[in-house]
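Number of protein chains: 2
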Amino acid sequence: MTTRNDCLTRDAQDPLASLRSQFDLPSGVIYLDGNSLGARPKAALARAQDVISREWGKDLITSWNTAGWFDLPKRLGNRLAPLIGAGGDEVVVTDTTSLNLFKALAAAVHLQAQTPKSAARRVILTERSNFPTDIYMAQGLSNWLERGYTVKLVDSVEEIPAAIDADTAVLMLTHVNYRTGYQHDMAALTALAHARGAVAVWDLAHSAGAVPVDLNGANADFAVGCTYKYLNGGPGAPAFIWVPKKHQATFTHPLSGWWGHAAPFAMAPGFAPTDGIGRALCGTQPIVSLAMVECGLDVFGQTSMAAIRAKSLALTDLFIELVEARCGGHPLGLVTPREHAQRGSQVSFTHPHGYAVMSALIARGVIGDYREPEIMRFGFTPLYTSYADVWDAVEILKQILDNKEYDVAAERGAVT
Amino acid sequence: MTTRNDCLTRDAQDPLASLRSQFDLPSGVIYLDGNSLGARPKAALARAQDVISREWGKDLITSWNTAGWFDLPKRLGNRLAPLIGAGGDEVVVTDTTSLNLFKALAAAVHLQAQTPKSAARRVILTERSNFPTDIYMAQGLSNWLERGYTVKLVDSVEEIPAAIDADTAVLMLTHVNYRTGYQHDMAALTALAHARGAVAVWDLAHSAGAVPVDLNGANADFAVGCTYKYLNGGPGAPAFIWVPKKHQATFTHPLSGWWGHAAPFAMAPGFAPTDGIGRALCGTQPIVSLAMVECGLDVFGQTSMAAIRAKSLALTDLFIELVEARCGGHPLGLVTPREHAQRGSQVSFTHPHGYAVMSALIARGVIGDYREPEIMRFGFTPLYTSYADVWDAVEILKQILDNKEYDVAAERGAVT
Numbered sequence: 045m046t047t048r049n050d051c052l053t054r055d056a057q058d059p060l061a062s063l064r065s066q067f068d069l070p071s072g073v074i075y076l077d078g079n080s081l082g083a084r085p086k087a088a089l090a091r092a093q094d095v096i097s098r099e100w101g102k103d104l105i106t107s108w109n110t111a112g113w114f115d116l117p118k119r120l121g122n123r124l125a126p127l128i129g130a131g132g133d134e135v136v137v138t139d140t141t142s143l144n145l146f147k148a149l150a151a152a153v154h155l156q157a158q159t160p161k162s163a164a165r166r167v168i169l170t171e172r173s174n175f176p177t178d179i180y181m182a183q184g185l186s187n188w189l190e191r192g193y194t195v196k197l198v199d200s201v202e203e204i205p206a207a208i209d210a211d212t213a214v215l216m217l218t219h220v221n222y223r224t225g226y227q228h229d230m231a232a233l234t235a236l237a238h239a240r241g242a243v244a245v246w247d248l249a250h251s252a253g254a255v256p257v258d259l260n261g262a263n264a265d266f267a268v269g270c271t272y273k274y275l276n277g278g279p280g281a282p283a284f285i286w287v288p289k290k291h292q293a294t295f296t297h298p299l300s301g302w303w304g305h306a307a308p309f310a311m312a313p314g315f316a317p318t319d320g321i322g323r324a325l326c327g328t329q330p331i332v333s334l335a336m337v338e339c340g341l342d343v344f345g346q347t348s349m350a351a352i353r354a355k356s357l358a359l360t361d362l363f364i365e366l367v368e369a370r371c372g373g374h375p376l377g378l379v380t381p382r383e384h385a386q387r388g389s390q391v392s393f394t395h396p397h398g399y400a401v402m403s404a405l406i407a408r409g410v411i412g413d414y415r416e417p418e419i420m421r422f423g424f425t426p427l428y429t430s431y432a433d434v435w436d437a438v439e440i441l442k443q444i445l446d447n448k449e450y451d452v453a454a455e456r457g458a459v460t
Numbered sequence: 045m046t047t048r049n050d051c052l053t054r055d056a057q058d059p060l061a062s063l064r065s066q067f068d069l070p071s072g073v074i075y076l077d078g079n080s081l082g083a084r085p086k087a088a089l090a091r092a093q094d095v096i097s098r099e100w101g102k103d104l105i106t107s108w109n110t111a112g113w114f115d116l117p118k119r120l121g122n123r124l125a126p127l128i129g130a131g132g133d134e135v136v137v138t139d140t141t142s143l144n145l146f147k148a149l150a151a152a153v154h155l156q157a158q159t160p161k162s163a164a165r166r167v168i169l170t171e172r173s174n175f176p177t178d179i180y181m182a183q184g185l186s187n188w189l190e191r192g193y194t195v196k197l198v199d200s201v202e203e204i205p206a207a208i209d210a211d212t213a214v215l216m217l218t219h220v221n222y223r224t225g226y227q228h229d230m231a232a233l234t235a236l237a238h239a240r241g242a243v244a245v246w247d248l249a250h251s252a253g254a255v256p257v258d259l260n261g262a263n264a265d266f267a268v269g270c271t272y273k274y275l276n277g278g279p280g281a282p283a284f285i286w287v288p289k290k291h292q293a294t295f296t297h298p299l300s301g302w303w304g305h306a307a308p309f310a311m312a313p314g315f316a317p318t319d320g321i322g323r324a325l326c327g328t329q330p331i332v333s334l335a336m337v338e339c340g341l342d343v344f345g346q347t348s349m350a351a352i353r354a355k356s357l358a359l360t361d362l363f364i365e366l367v368e369a370r371c372g373g374h375p376l377g378l379v380t381p382r383e384h385a386q387r388g389s390q391v392s393f394t395h396p397h398g399y400a401v402m403s404a405l406i407a408r409g410v411i412g413d414y415r416e417p418e419i420m421r422f423g424f425t426p427l428y429t430s431y432a433d434v435w436d437a438v439e440i441l442k443q444i445l446d447n448k449e450y451d452v453a454a455e456r457g458a459v460t
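So the sequence lines, in the order shown, correspond to chains P and S.
Quick note on my numbering: the first sequence kicks off at 45 and runs consecutively.
Quick note on my numbering: the second sequence kicks off at 45 and runs consecutively.
Since the hints were made in silico from the structure, they are not lab data.
There could be a bad hint or two in this list.
Where chains are identical, the list cannot tell them apart; a pair therefore holds if satisfied intra-copy or between any two copies.
In silico SDA-like links for lysine to any residue, alpha-carbon gap of 25 Å or less [what the hints assert, rightly or not]: (1) Lys161 / Pro205; (2) Lys102 / Ala354; (3) Lys102 / Thr294; (4) Lys448 / Ser107; (5) Lys161 / Leu189; (6) Lys102 / Leu63; (7) Lys196 / Asn49; (8) Lys290 / Asn187; (9) Lys86 / Gly261; (10) Lys102 / Pro317; (11) Lys161 / Asn187; (12) Lys196 / Pro317; (13) Lys290 / Glu418; (14) Lys86 / Lys102; (15) Lys448 / Asp436; (16) Lys86 / Pro313; (17) Lys196 / Arg119; (18) Lys290 / Ala432; (19) Lys442 / Thr106; (20) Lys102 / Ser162; (21) Lys196 / Ala312; (22) Lys196 / Gln183; (23) Lys86 / Leu376; (24) Lys102 / Ser62.
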């Protein structure tokens with residue numbers, strides 16, 4: 045079995061090990077929740093100070109042009125694009141994942157409605173286990189479209205292929221499941237959706253910066269995602285939306301604000317969408333939060349998604365191996381797939397007292413999180429998680445379980 | 045005529061004068077563009093540093109609860125409420141003005157559709173001179189509602205009353221016009237809209253923190269506004285939306301994300317809106333940009349809108365007096381109403397070479413801005429604009445005009 049010394053050796057040989065020093069990680073903490081809120085790139089503080097003191101404080105209104113504030117959504121989108129297999133001028137960083145999904149779904153519905161025999165297609169198909177806001181946004185759109193759209197939920201991954209049928213207008217999936225860490229085969233499901241006449245929309249919240257993604261290679265239609273998880277953009281940092289070149293000319297959605305206008309400062313009283321990815325923009329963006337996204341992307345610029353994926357699989361394999369070997373007598377159930385191709389960059393285990401065990405872990409400095417029902421989530425972020433972190437986290441988990449160092453009585457609610 | 049010494053005397057007697065020291069204003073600049081981007085409260089830098097270093101960097105994911113990140117939209121909304129005549133738990137700070145207007149318009153359409161004889165009402169009525177994104181968002185919503193809504197534009201303030209008719213579902217107005225500084229009579233127009241069966245939605249982008257607003261007193265239906273202009277929240281800081289208690293139980297809109305859910309962490313696969321103002325929320329908010337909004341509101345907490353209004357009228361009166369007296373031989377046209385009740389906190393003058401003159405002013409350190417056609421805008425922000433600033437700005441304008449220190453050849457495009 046792997047020893048702690050083995051882990052130290054692997055850390056010494058890890059080509060990504062030096063990147064950890066670019067993050068501010070509190071001492072005494074093993075942070076395994078970068079799948080929820082990424083750690084802070086040290087550079088983010090200086091960047092924010094410069095935006096606040098100089099760009100806002102000194103240069104004031106002129107910074108919209110001189111500091112490039114107006115262009116930030118596109119500039120950051122182009123920096124992010126290579127991580128998800130997007131082309132240049134196909135991504136903007138803007139608004140929230142929920143809102144970008146609304147735009148993508150509306151555009152998908154519109155796109156699908158232009159195809160022959162589309163009249164019968166009124167279903168947005170997704171998984172019951174999808175992250176709830178995705179389902180809610182689809183329901184919100186469906187309820188307001190008066191042509192009778194509905195959101196259909198399938199109960200398991202296995203049921204998805206058969207569920208894509210002549211009623212399906214849009215297949216909307218989150219690429220890596222937030223709870224289980226299951227990764228869909230994007231290319232295969234997109235191809236199946238297309239073969240059956242549906243449009244494919246992907247949520248990359250747990251994929252961007254976590255696993256290699258090839259949106260154009262998969263011939264996907266639209267995608268959205270989050271910058272504050274694996275991309276380390278900062279709490280609630282603006283999200284992104286991808287509209288491929290093939291759909292940009294017809295891309296349309298109801299959130300038609302002035303940042304998506306062809307000539308925003310002409311102040312014309314009629315909306316005319318700009319060409320290209322800019323039409324995914326709506327209103328004025330929160331510049332300080334937006335600017336810090338670049339600091340997270342800067343770290344990715346020093347490595348590759350292939351290197352990140354190799355370490356991610358090594359870390360998650362190691363965690364599974366050590367938990368199963370060292371905590372084997374306890375009622376832990378592995379939820380995340382063992383098969384690499386089906387795994388994101390997190391590992392989830394069930395435990396009948398998952399909430400209490402996770403609370404005990406957090407009290408001991410091992411920060412994961414809990415999701416109903418019974419699921420303890422551990423996120424592995426190759427830019428700053430070490431092999432020794434994995435060993436130490438499992439050691440603490442073992443102690444907590446062996447010594448019953450968790451308070452079942454306090455068990456209620458969710459660890460957020 | 046008022047002399048510069050008179051202005052210095054007025055500054056010495058100004059009860060708001062001490063507040064200027066709470067803002068970071070660059071030396072050599074007279075900043076008359078706080079109606080576009082408010083100046084930086086000095087406290088904003090320390091606040092951002094604390095959010096980034098401690099709340100994000102050290103406390104990481106726990107800050108969603110321990111630092112109150114989840115509650116920020118409501119907490120800031122309650123701080124902002126007194127400035128606009130809103131009650132407690134009627135305002136949230138979230139998303140952008142454009143998106144909040146979309147929510148408000150959707151809710152207004154829904155509200156109106158519940159009333160008797162609503163079937164024929166399919167018009168969202170507004171002004172052609174409204175800020176374009178408001179018109180665009182109304183068009184976006186109308187185009188996607190399949191019941192045939194249209195956006196009707198009236199060409200002048202005088203035409204509004206007669207235009208509110210049996211077709212009008214929603215009257216959507218910006219309280220203070222971004223270009224002219226004209227202030228509508230909110231109470232009278234709301235009453236007229238109600239009398240004729242329409243719902244009244246107000247945009248307070250140029251009102252909040254600029255003029256006294258009494259939303260509940262006016263019996264308005266919904267309102268939105270901006271925090272990065274007169275409220276000094278920071279570039280692109282999140283906007284706000286007001287939903288009065290009377291409409292909260294029925295308030296509904298299509299942007300139904302998880303932050304508006306009754307139990308967001310139950311992760312249920314069906315949207316169920318929370319009670320109260322929370323249902324105006326959608327997705328995860330940009331925390332650093334959001335947190336700085338409080339620093340602007342803190343300054344307002346040290347004075348009153350009555351005191352701010354008194355100084356605002358004194359500043360704008362003085363500017364009009366001095367420009368007309370000292371630049372009288374030049375082709376300047378006052379656009380902003382002389383009547384106090386119809387004036388916001390800006391003064392706009394036309395000049396045939398407005399773009400070139402404004403560019404020359406900016407080069408001399410007098411920062412206003414330009415809006416097509418021919419309009420030079422000067423914003424007056426009583427928290428940090430002095431009477432001497434007004435005198436000096438007019439002196440520089442006079443020199444530029446007298447000496448023709450502006451480059452007509454360079455005249456093109458808009459100063460943003």
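Cross-check of the supplied hints:
1. Lys161 / Pro205: within (20 Å within a copy, 47 Å between copies)
2. Lys102 / Ala354: neither (45 Å within a copy, 28 Å between copies)
3. Lys102 / Thr294: Neither way: lysine 102 and threonine 294 sit 41 Å apart in one copy and 45 Å across, limit 25 Å.
4. Lys448 / Ser107: Result: close neither inside a copy nor across copies, 57 Å intra and 27 Å inter.
5. Lys161 / Leu189: This pair counts as both: shortest intra-copy Cα distance 19 Å, inter-copy 22 Å.
6. Lys102 / Leu63: between (33 Å within a copy, 18 Å between copies)
7. Lys196 / Asn49: Neither: 50 Å inside a chain and 73 Å across chains, both beyond 25 Å.
8. Lys290 / Asn187: Cα proximity of lysine 290 and asparagine 187: across copies only (24 Å, versus 28 Å in one copy).
9. Lys86 / Gly261: Classified as neither; 34 Å inside a copy, 49 Å across copies.
10. Lys102 / Pro317: neither (33 Å within a copy, 43 Å between copies)
11. Lys161 / Asn187: both (22 Å within a copy, 23 Å between copies)
12. Lys196 / Pro317: between (31 Å within a copy, 20 Å between copies)
13. Lys290 / Glu418: Neither, since 43 Å and 40 Å both go past 25 Å.
14. Lys86 / Lys102: both (24 Å within a copy, 12 Å between copies)
15. Lys448 / Asp436: Close inside one copy (18 Å), not across copies (74 Å); limit 25 Å.
16. Lys86 / Pro313: neither (44 Å within a copy, 38 Å between copies)
17. Lys196 / Arg119: Answer is neither: 36 Å inside a copy and 36 Å across each miss the 25 Å cutoff.
18. Lys290 / Ala432: Intra 46 Å, inter 57 Å, cutoff 25 Å: neither.
19. Lys442 / Thr106: This pair counts as between: shortest inter-copy Cα distance 23 Å, intra-copy 57 Å.
20. Lys102 / Ser162: neither (55 Å within a copy, 52 Å between copies)
21. Lys196 / Ala312: between (40 Å within a copy, 14 Å between copies)
22. Lys196 / Gln183: within (10 Å within a copy, 29 Å between copies)
23. Lys86 / Leu376: neither (36 Å within a copy, 52 Å between copies)
24. Lys102 / Ser62: between (36 Å within a copy, 20 Å between copies)
Going down the numbered hints, you'll see the structure goes against 2, 3, 4, 7, 9, 10, 13, 16, 17, 18, 20 and 23, while the others check out.
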